[in-house]
Amino acid sequence: MKVSYFPGCTLKTKAKVLDEYARKCAEVLGVTLEEIDNWQCCGGVFTTANDEIATKLSSVRALKHANDKGQPLVSVCSACHNVLKQTNNAMQTDDGFNFRVNQYIAPDKYNGETEVIHYLELLRDKIGYEKVKEKVVNSLAGKKIAPYYGCLLLRPGKVMAMDDVENPTIMEDLIRAIGGEPVSYAFRNECCGGYITLESKELAKAKSKRVSDNAKLNGAEVIVTACPLCKYNLEKNGSDLPVVYITELLAEAFGIKE
Amino acid sequence: MENSKNVCDEIVRISKVNPRKCMKCGKCSGTCPAYDEMEYHPHQFVYMVETGDIEPLLKSKSIYRCLSCFACIDRCPRGVEPAKLVEAVRLMVVRQQGNNHLKPDDIPELLDEDLPQQAIVSAFRKYTK
Ligand code: SF4
Ligand code: SF4
Ligand code: SF4
Ligand code: SF4
Chain A
39 MKVSYFPGCT LKTKAKVLDE YARKCAEVLG VTLEEIDNWQ CCGGVFTTAN DEIATKLSSV
99 RALKHANDKG QPLVSVCSAC HNVLKQTNNA MQTDDGFNFR VNQYIAPDKY NGETEVIHYL
159 ELLRDKIGYE KVKEKVVNSL AGKKIAPYYG CLLLRPGKVM AMDDVENPTI MEDLIRAIGG
219 EPVSYAFRNE CCGGYITLES KELAKAKSKR VSDNAKLNGA EVIVTACPLC KYNLEKNGSD
279 LPVVYITELL AEAFGIKE
Chain B
316 MENSKNVCDE IVRISKVNPR KCMKCGKCSG TCPAYDEMEY HPHQFVYMVE TGDIEPLLKS
376 KSIYRCLSCF ACIDRCPRGV EPAKLVEAVR LMVVRQQGNN HLKPDDIPEL LDEDLPQQAI
436 VSAFRKYTK
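Protein chains in written order, with my numbering: chain A, 39 to 296; chain B, 316 to 444.
Next comes chain A alone, as it looks inside the complex:
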């Protein structure tokens, strides 16, 4: 199977392992992530104002590119996925926005046809966790892992539609499939502070510590995330619990981690 892939700017720089292991693990499972040509940064956050057009065009171009190839569009960074999916939703549901975007991209046309999925959904829905389980050579042997969803994977729930927005299981089920033990704790879907680390260190620290302290209190040995900014905040602004990417854990279980 081949899918279109939007890596995003951070996966080309600070979060190279997130990208590298996403590709390698997909190959183990028989899926090729085809990086789309000439993609541009999505902007990191979706601007909800419906008169913001130009800031969303890079996402529209990526979406359209996938549509031209008849492939779903996959990303790993929670933020990229959120921006792409919310932009796609706006193309489907907001006629005024759709009209103005189509004026920009004419003579091309795009109406939100692309299926936008996160890497976790690729694993769960297109490949299946049973198949993931079959490829495990290095079971994580009961390692206590705290899944961290943060905000952007799940919300707004109506648009992202990945899982139950207050009681998700997509990460827990993956952790179980590769032999780990998911830790349940209170703040898995509460914000780490995000970009506020540039505006108010104290606020970022308060939010990140709340998450990592609680994971630790509940017995976690490690926190797992899909988002480079969550990782940064939890490591830099949180407590001393290690934080790894979801694709690193997977690579470890598949025996391909260097």
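Treat the hints with care, since some could be wrong.
As the list claims (entries may be wrong) - To spell it out: a stretch of chain B is covered by chain A in this simulated footprint if at least three of its residues, at any positions, have a beta carbon under 8 angstroms from a beta carbon of chain A; those stretches are:
| # | stretch |
| --- | --- |
| 1 | 346-352 |
| 2 | 361-371 |
| 3 | 431-438 |
What the hints assert, rightly or not - Simulated crosslink set (DSSO-like; lysine-lysine; CA at most 30 angstroms straight-line):
| # | chain 1 | residue 1 | chain 2 | residue 2 |
| --- | --- | --- | --- | --- |
| 4 | B | K320 | A | K243 |
| 5 | A | K171 | A | K147 |
| 6 | B | K336 | A | K147 |
Rather than coming from a laboratory, the hints here were simulated on the basis of the structure.
Note that beta-carbon positions come from the ideal geometry of N, C-alpha and C, so glycine has one too.
For this one, chain A is given, so just place chain B with the ligands on it according to the hints.
The following block gives chain B with the ligands in isolation, referenced to the frame of chain A:
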């Protein structure tokens, strides 16, 4: 004030939020992770836009404290979506000439070697035009 009315109309237009749907339960503010650092809380944004009391919001640091976590969007029982109002109020400010809240010159001082590009990109998207 005439200008306040225009600004409020514009905020409602670009956010597509209807503040009159709010039943003032306070759940949005109860769940807001930035609550402690906000002078005006999400439910107050809703009320102040509804009543046209917009000047204090335009001047408040609260507009730069929202984390865009969308918690208030998902947890409002009336589907008001307060985060969209916070965003629209901030846009009313940063869209004015010379009102960028973050300047490229500020960046070198804020950098550390682990900071992901995503943080900078996101902050610029939120704080500048
Ligand atoms: S979310 Fe980030 S990492 Fe992803 S492209 Fe956009 S800014 Fe870059
Ligand atoms: S703050 Fe963290 S949890 Fe919230 S959206 Fe962002 S990076 Fe993600
Ligand atoms: S989106 Fe902003 S206002 Fe709403 S809960 Fe999150 S931080 Fe608070
Ligand atoms: S949660 Fe919704 S209804 Fe309740 S105060 Fe906030 S905006 Fe109003």
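Cross-check of the supplied hints:
1. 346-352: It holds: at least three residues are needed, and the stretch 346-352 of chain B offers 4 whose Cβ sits within less than 8 angstroms of chain A.
2. 361-371: With 0 residues closer than 8 angstroms to chain A, the stretch 361-371 of chain B misses the three-residue bar; violated.
3. 431-438: Per the Cβ count (8), the hint holds.
4. K320(B) with K243(A): Given pair K320(B), K243(A) is violated - Cα atoms ~38 angstroms apart, limit 30 angstroms.
5. K171(A) with K147(A): 41 angstroms, violated
6. K336(B) with K147(A): 36 angstroms, violated
The earlier numbered hints that this structure contradicts are 2, 4, 5 and 6.
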